[in-house]
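Number of protein chains: 2
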Amino acid sequence: MSDETAEHPESETGARVAVRRRRGADSVRRPRESGIQQGHFPAILRRSLKPIEPLSAEQIEAVHRASLTILEEIGIEFMGRAARDLFARAGARVDHATGLVKIPAALIETALKTAPESFRLTPRNPARAIELGHDALAFGLVAGPPNVHDCVGGRRAGNLADYKRLISLAQTFDIIHLLGNQATAPQELPVTSRHLDCYLANVTLTDKVYHCTAIGRERALDGIDMMAISRGLTREELRDDPGVLTIISVNSPRRFDEAMSDGLMAMSEWGQAVVVTPFTLMGAMAPVSLAAALAQQNAEALAGIALSQLTRPGAPVVYGAFTSNVDLRSGAPAFGTAENARATLAGGQLARRYKLPYRASNASASNVVDAQAAYESQMSLWSSVMGGANLVYHGAGWMEGGLTASFEKVILDVEMLQMMATLVQPFDTSDAELGLDAQREVMPGGHFFGAQHTLARYQTAFQRPLLADWRSYPAWLEDGGKNTTERATGIWQQALADFAPPPLDAAVAEALDAFVAKRQEERKNAQD
Amino acid sequence: MSDETAEHPESETGARVAVRRRRGADSVRRPRESGIQQGHFPAILRRSLKPIEPLSAEQIEAVHRASLTILEEIGIEFMGRAARDLFARAGARVDHATGLVKIPAALIETALKTAPESFRLTPRNPARAIELGHDALAFGLVAGPPNVHDCVGGRRAGNLADYKRLISLAQTFDIIHLLGNQATAPQELPVTSRHLDCYLANVTLTDKVYHCTAIGRERALDGIDMMAISRGLTREELRDDPGVLTIISVNSPRRFDEAMSDGLMAMSEWGQAVVVTPFTLMGAMAPVSLAAALAQQNAEALAGIALSQLTRPGAPVVYGAFTSNVDLRSGAPAFGTAENARATLAGGQLARRYKLPYRASNASASNVVDAQAAYESQMSLWSSVMGGANLVYHGAGWMEGGLTASFEKVILDVEMLQMMATLVQPFDTSDAELGLDAQREVMPGGHFFGAQHTLARYQTAFQRPLLADWRSYPAWLEDGGKNTTERATGIWQQALADFAPPPLDAAVAEALDAFVAKRQEERKNAQD
Numbered sequence: 000m001s002d003e004t005a006e007h008p009e010s011e012t013g014a015r016v017a018v019r020r021r022r023g024a025d026s027v028r029r030p031r032e033s034g035i036q037q038g039h040f041p042a043i044l045r046r047s048l049k050p051i052e053p054l055s056a057e058q059i060e061a062v063h064r065a066s067l068t069i070l071e072e073i074g075i076e077f078m079g080r081a082a083r084d085l086f087a088r089a090g091a092r093v094d095h096a097t098g099l100v101k102i103p104a105a106l107i108e109t110a111l112k113t114a115p116e117s118f119r120l121t122p123r124n125p126a127r128a129i130e131l132g133h134d135a136l137a138f139g140l141v142a143g144p145p146n147v148h149d150c151v152g153g154r155r156a157g158n159l160a161d162y163k164r165l166i167s168l169a170q171t172f173d174i175i176h177l178l179g180n181q182a183t184a185p186q187e188l189p190v191t192s193r194h195l196d197c198y199l200a201n202v203t204l205t206d207k208v209y210h211c212t213a214i215g216r217e218r219a220l221d222g223i224d225m226m227a228i229s230r231g232l233t234r235e236e237l238r239d240d241p242g243v244l245t246i247i248s249v250n251s252p253r254r255f256d257e258a259m260s261d262g263l264m265a266m267s268e269w270g271q272a273v274v275v276t277p278f279t280l281m282g283a284m285a286p287v288s289l290a291a292a293l294a295q296q297n298a299e300a301l302a303g304i305a306l307s308q309l310t311r312p313g314a315p316v317v318y319g320a321f322t323s324n325v326d327l328r329s330g331a332p333a334f335g336t337a338e339n340a341r342a343t344l345a346g347g348q349l350a351r352r353y354k355l356p357y358r359a360s361n362a363s364a365s366n367v368v369d370a371q372a373a374y375e376s377q378m379s380l381w382s383s384v385m386g387g388a389n390l391v392y393h394g395a396g397w398m399e400g401g402l403t404a405s406f407e408k409v410i411l412d413v414e415m416l417q418m419m420a421t422l423v424q425p426f427d428t429s430d431a432e433l434g435l436d437a438q439r440e441v442m443p444g445g446h447f448f449g450a451q452h453t454l455a456r457y458q459t460a461f462q463r464p465l466l467a468d469w470r471s472y473p474a475w476l477e478d479g480g481k482n483t484t485e486r487a488t489g490i491w492q493q494a495l496a497d498f499a500p501p502p503l504d505a506a507v508a509e510a511l512d513a514f515v516a517k518r519q520e521e522r523k524n525a526q527d
Numbered sequence: 000m001s002d003e004t005a006e007h008p009e010s011e012t013g014a015r016v017a018v019r020r021r022r023g024a025d026s027v028r029r030p031r032e033s034g035i036q037q038g039h040f041p042a043i044l045r046r047s048l049k050p051i052e053p054l055s056a057e058q059i060e061a062v063h064r065a066s067l068t069i070l071e072e073i074g075i076e077f078m079g080r081a082a083r084d085l086f087a088r089a090g091a092r093v094d095h096a097t098g099l100v101k102i103p104a105a106l107i108e109t110a111l112k113t114a115p116e117s118f119r120l121t122p123r124n125p126a127r128a129i130e131l132g133h134d135a136l137a138f139g140l141v142a143g144p145p146n147v148h149d150c151v152g153g154r155r156a157g158n159l160a161d162y163k164r165l166i167s168l169a170q171t172f173d174i175i176h177l178l179g180n181q182a183t184a185p186q187e188l189p190v191t192s193r194h195l196d197c198y199l200a201n202v203t204l205t206d207k208v209y210h211c212t213a214i215g216r217e218r219a220l221d222g223i224d225m226m227a228i229s230r231g232l233t234r235e236e237l238r239d240d241p242g243v244l245t246i247i248s249v250n251s252p253r254r255f256d257e258a259m260s261d262g263l264m265a266m267s268e269w270g271q272a273v274v275v276t277p278f279t280l281m282g283a284m285a286p287v288s289l290a291a292a293l294a295q296q297n298a299e300a301l302a303g304i305a306l307s308q309l310t311r312p313g314a315p316v317v318y319g320a321f322t323s324n325v326d327l328r329s330g331a332p333a334f335g336t337a338e339n340a341r342a343t344l345a346g347g348q349l350a351r352r353y354k355l356p357y358r359a360s361n362a363s364a365s366n367v368v369d370a371q372a373a374y375e376s377q378m379s380l381w382s383s384v385m386g387g388a389n390l391v392y393h394g395a396g397w398m399e400g401g402l403t404a405s406f407e408k409v410i411l412d413v414e415m416l417q418m419m420a421t422l423v424q425p426f427d428t429s430d431a432e433l434g435l436d437a438q439r440e441v442m443p444g445g446h447f448f449g450a451q452h453t454l455a456r457y458q459t460a461f462q463r464p465l466l467a468d469w470r471s472y473p474a475w476l477e478d479g480g481k482n483t484t485e486r487a488t489g490i491w492q493q494a495l496a497d498f499a500p501p502p503l504d505a506a507v508a509e510a511l512d513a514f515v516a517k518r519q520e521e522r523k524n525a526q527d
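Protein chains in written order, with numbering that gives the first Met the number 0: chain Y, 0 to 527; chain R, 0 to 527.
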């Protein structure tokens with residue numbers, strides 16, 4: 000037969016053996032076993048595959064040189080006085096009237112010398128520590144959408160109840176390593192203090208690393224203080240053993256607003272991680288050509304990284320990339336495109352040139368959790384992981400180009416993240432794994448279902464899917480014929496039904512409540 | 000602002016400029032411009048990215064040595080006498096009672112010396128020639144499903160009308176470079192002669208390379224003869240300038256049935272391409288461990304490749320890989336899994352070790368064109384393309400683990416194939432592309448919509464999607480809120496409405512009709 004389908008079992012025959020999933024000794028213990036089976040991976044995931052490198056060494060240098068020209072000759076606008084003063088003292092040419100800062104190459108080189116190649120962030124549960132740098136790989140929850148969506152309740156404005164449900168999902172799934180910026184904006188709460196409600200939810204409903212909103216100094220310091228309280232540390236102690244991070248999204252092209260640079264400086268001053276991410280949409284906030292967008296991204300990232308190192312040499316900092324393209328007919332932003340993937344791969348080479356940790360994203364423009372959402376996210380994920388990203392931000396739940404956090408998308412992404420985690424595991428070609436005994440045991444045209452080699456491994460072989468349905472068409476149809484998105488609804492519902500917050504010391508909980516009450520009172524009349 | 004979403008345009012503002020797609024001088028001219036806009040790529044696509052290499056050099060040798068042990072000591076069953084005789088004459092140890100052939104390493108080495116590293120297949124339109132080898136990359140239409148599905152007519156048994164519509168889609172989209180085995184089996188036609196109806200449709204409705212069904216010698220030779228007629232060549236002339244290929248799917252583990260080896264030998268004897276593809280489902284037809292499955296795949300592939308070279312040294316041959324896993328709970332086959340992707344990446348290293356062209360697949364187990372179909376196919380595509388595959392078989396339309404050819408999946412896959420084709424293009428970091436002029440022109444916080452750099456490139460920048468919808472949620476909802484699968488239905492309907500077959504010389508058409516009539520008469524009482 001030359002027709003492959005002839006070999007496919009139409010019905011589900013074969014070894015119907017119960018599979019209990021491997022749980023490595025180094026995996027994270029959860030306080031309660033959820034009814035949902037998930038993959039178990041090392042607490043700190045590492046990529047054993049070498050990254051894809053699309054640029055030649057000469058091409059990397061060409062982009063590097065162009066970005067130095069932007070920094071030195073064209074300049075970056077810093078709207079904040081504090082940042083400009085710091086640059087001026089370090090030898091940059093500063094025009095306080097226009098805000099333009101022209102940064103000499105030597106200043107960048109000095110900053111790159113002190114920026115660490117790798118660092119750890121430790122939350123209140125030390126087993127949930129993440130590493131950023133080298134071949135470590137961490138995935139974050141969706142961050143920032145003003146809206147939220149699920150297939151039961153539909154699309155709605157972000158709110159605290161949904162915020163809590165989203166971060167509960169992040170706590171449930173081990174493959175989500177950290178919380179990014181607000182998973183959805185709790186829009187019913189005062190803008191001056193909603194960050195406090197979010198931080199409180201973060202440290203009570205989860206025990207993972209979280210993001211501090213660095214819009215000005217105060218919001219950043221509140222997040223730092225609450226992480227310190229949750230770990231029983233002072234702010235000073237946390238400085239030397241960081242636990243939180245922030246994303247600084249540049250107002251591309253070439254502008255850092257004041258709140259952003261003040262927030263950046265507060266985080267660096269207190270030793271917490273800063274991820275500098277130019278938002279360089281080709282054709283809109285960046286030139287239409289990939290090389291030019293990369294040069295701009297690189298200049299903006301290096302400017303932010305330099306500011307962090309001027310603030311505190313050695314402060315943990317990450318090279319962020321978010322170069323995608325727009326639809327030139329409409330100006331609509333696109334994500335998970337081939338151009339986005341190419342930029343992400345190339346961005347990793349630039350980050351590695353500077354020996355910096357690298358951040359990319361799992362992004363999609365789809366308005367619904369469907370095939371487009373999946374293939375755009377896969378383009379993002381493959382290029383992020385194989386581009387050498389240490390942090391895949393928006394790892395689970397990002398929909399509509401970031402305007403909506405989706406519950407079904409969280410589940411879809413968890414499935415895909417688990418697949419990526421399996422993909423990057425090392426290969427074992429020991430004699431036992433090469434299995435010549437199994438070949439000797441099974442006759443030509445036979446099968447390996449009952450082979451000793453199989454029986455010895457069936458409990459741990461293969462990543463069991465969370466979401467994929469591999470049943471035959473008749474069996475699938477008989478069971479309701481649900482598509483993947485419909486199945487995802489059932490999974491997040493079960494995960495939330497099963498959810499129990501991680502244990503928290505009563506005294507710590509009390510201290511956190513007191514801190515929030517005090518700070519909410521203080522920020523009642525805040526102007527930022 | 001540290002919230003990226005703040006920068007996303009909620010409404011579709013920006014440069015609303017008409018974009019006409021680039022059409023390279025070397026792209027294929029279609030007889031009639033379809034209403035559907037598709038990407039335009041070089042006629043022979045090349046991967047400019049280096050492949051991902053998960054195995055170390057030592058690990059490749061370990062798999063190689065294990066496969067030699069299988070070949071030399073454990074043996075491969077060839078049910079066909081002709082194949083066994085050929086192996087015996089070449090020095091293999093043959094047991095005609097059991098069919099077992101034990102193949103010495105020296106015989107394999109000799110075969111590998113004559114197998115070409117790269118070759119071309121030329122169909123009746125020479126502009127549609129494909130290259131298999133080195134960094135060339137070709138995508139095939141879905142092949143072999145007994146069923147067919149679209150969202151209008153539902154799931155049904157394969158038939159000639161649907162067959163013709165599927166290959167018309169393959170002709171429409173330039174990114175589908177060749178036709179594989181029957182896109183769906185025309186089950187209403189006699190099994191003894193339906194291959195003739197399919198070949199006739201192939202050479203009249205398309206002008207691309209197609210697959211010959213190598214179930215025995217006759218079906219293979221019919222396909223060879225019809226390609227020869229369509230090109231105005233004799234069978235002898237076609238031998239030195241091949242135009243067709245076949246897939247030889249091994250009855251894993253370690254068995255080639257008689258029809259298969261006879262078909263393989265007929266194709267090689269007449270200089271046409273043979274793709275030897277073990278179907279090694281881990282846990283079923285192959286051991287449960289990846290290393291063992293790779294060793295088995297390698298042994299089976301090398302056995303088939305050796306047979307082709309014994310038949311005719313220098314005959315074009317391809318190393319095929321189809322190693323995936325089953326669900327160990329049910330025995331159901333799974334495709335597009337992380338394990339499948341790992342095997343595909345590793346398989347490419349083995350093919351390159353032997354300097355052979357490499358074949359992989361775009362596969363998914365999903366029963367419906369949805370998120371699972373997309374993410375499993377993306378796992379397959381990324382690992383195929385970045386594994387260095389020259390031929391991605393089942394490139395468009397494969398659903399239900401190969402049991403159904405889907406019209407919507409064809410469209411979804413064409414979208415993803417075009418993205419992969421964009422992904423692998425070379426980077427341009429020339430001064431013009433680095434765009435420092437654009438940086439000088441645009442102020443901080445401004446935009447590049449109207450920059451000279453943008454205006455000079457807007458006609459050719461970015462791969463325009465066939466299927467993705469990048470509009471804002473309100474605009475998308477206003478227009479019906481169709482998901483990706485629903486949009487795909489409209490696209491294949493339009494493509495078929497627009498379809499016109501490529502021109503065919505009347506005398507050639509007559510000769511083909513006469514050949515088919517004669518052969519159908521001859522095969523009325525065929526036993527195979």
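FYI, nobody ran anything at the bench for these hints, they're computed from the structure.
Honestly, I wouldn't trust all of these hints.
[Said to hold, decoys possible] Straight-line alpha carbon distances no greater than 30 Å define the calculated DSS-like cross-link-like pairs of lysine-lysine that follow: (1) Lys49(R) to Lys49(Y); (2) Lys112(Y) to Lys49(Y); (3) Lys101(Y) to Lys354(Y); (4) Lys49(Y) to Lys354(R); (5) Lys112(Y) to Lys354(Y); (6) Lys481(Y) to Lys481(R); (7) Lys354(R) to Lys49(R); (8) Lys101(R) to Lys354(R); (9) Lys112(R) to Lys101(R); (10) Lys354(R) to Lys354(Y); (11) Lys101(Y) to Lys112(Y).
Hints, one by one, checked against the model:
Using a Cα cut-off of 30 Å, the hinted pair Lys49(R) and Lys49(Y) holds, with the two alpha carbons roughly 11 Å apart. Proposed proximity of Lys112(Y) and Lys49(Y) is supported: the alpha carbons are some 25 Å apart, at most 30 Å. Under the criterion of a C-alpha separation no larger than 30 Å, the hint pairing Lys101(Y) with Lys354(Y) is consistent with the structure, at around 23 Å. Taking the CA atoms of Lys49(Y) and Lys354(R), the gap is about 22 Å. The hint holds against a cut of 30 Å.
Our distance criterion of 30 Å between C-alpha atoms is met by Lys112(Y) and Lys354(Y), whose separation comes to about 9 Å. A threshold of 30 Å between alpha carbons decides the hint, and for Lys481(Y) with Lys481(R) the separation of about 18 Å falls inside it, so the pair holds. For the hint pairing Lys354(R) with Lys49(R), the CA-to-CA distance comes to about 15 Å; that is within 30 Å, so the pair holds. A C-alpha spacing of about 23 Å is found between Lys101(R) and Lys354(R), which places the hinted pair at or below 30 Å, so the restraint holds.
For the given pair, Lys112(R) sits about 20 Å from Lys101(R) by alpha-carbon distance, which is consistent with the 30 Å threshold. Simply put, Lys354(R) and Lys354(Y) have alpha-carbon atoms about 36 Å apart, too far for the 30 Å limit, and the pair is violated. At roughly 20 Å between alpha-carbon atoms, Lys101(Y) and Lys112(Y) fall within 30 Å of each other, so this suggested pair holds.
The structure fails to meet hint 10 from the earlier list, while all remaining hints are met.
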